[in-house]
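The sequence shown begins at 1 in the numbering used here and counts up one residue at a time.
A few of these clues could be false.
What the hints assert, rightly or not - The calculated EDC-like cross-link candidates involving lysine to aspartate or glutamate, where the alpha carbons are at most 20 Å apart (straight line), are: (1) K32 with E46; (2) K32 with D67; (3) K12 with E23; (4) K32 with E52; (5) K32 with D49; (6) K12 with E46; (7) K12 with E88; (8) K24 with E88; (9) K24 with D40.
Simulated from the structure, these hints should not be mistaken for laboratory data.
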Amino acid sequence: MKGRQPLYILTKNTVYQEIYQGEKQNVYQVFKVIRQLSSDNPSQQERLDPLEPLITQKFSLLQQSIDLVGQKSLHKSTQIAIADRSIEIGEQSSLPTPHSKWLI
């Protein structure tokens with residue numbers, strides 16, 4: 001999720017945007033599989049619940065960046081605001097260390 005979108009913004013090379021879109025779809029597919037695999041465990045489902053809106057928000061911010069680049073209106077203050085919110089969402093969605101009881 002982090003790799004291709006910034007490359008597109010820097011280079012305006014549509015190949016990176018296409019790769020990013022594929023990676024985005026993969027994230028949603030993997031999340032769906034995780035939901036299905038943990039469907040018999042309410043505790044795990046409950047832990048997944050807050051992640052879904054964060055994933056959606058993160059992709060929304062990334063899409064805003066892409067759209068603004070396409071419009072050639074990505075001002076420095078807008079870049080900073082999007083980056084700050086993106087970092088905040090990333091921190092909220094960080095999975096705990098393997099030693100924690102996140103999905104156990």
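Each hint, compared with the structure:
Distance restraint check for K32 and E46: the Cα-Cα separation of roughly 14 Å lies within the 20 Å cut-off, and the hinted pair is therefore satisfied. Between the alpha carbons of K32 and D67 the distance comes to roughly 27 Å, so the proposed pair goes past 20 Å and is violated. Annotation: proposed proximity of K12 to E23 holds, straight-line Cα distance about 18 Å (limit 20 Å). For a cut-off of 20 Å, the pair hint linking K32 to E52 stands: about 10 Å separates their Cα positions.
With a C-alpha separation of about 12 Å, the suggested pair K32 and D49 falls inside the 20 Å cut-off, and the hint holds. Proposed proximity of K12 and E46 is contradicted: the alpha carbons are some 39 Å apart, above 20 Å. Distance check on the hinted pair: K12 and E88 sit about 25 Å apart at the alpha-carbon level, beyond 20 Å; violated. A hinted pair counts as satisfied when its Cα atoms are at most 20 Å apart, and K24 with E88 qualifies at roughly 19 Å.
At most 20 Å may separate the alpha-carbon atoms for a hinted pair to count; K24 and D40 exceed this at roughly 26 Å.
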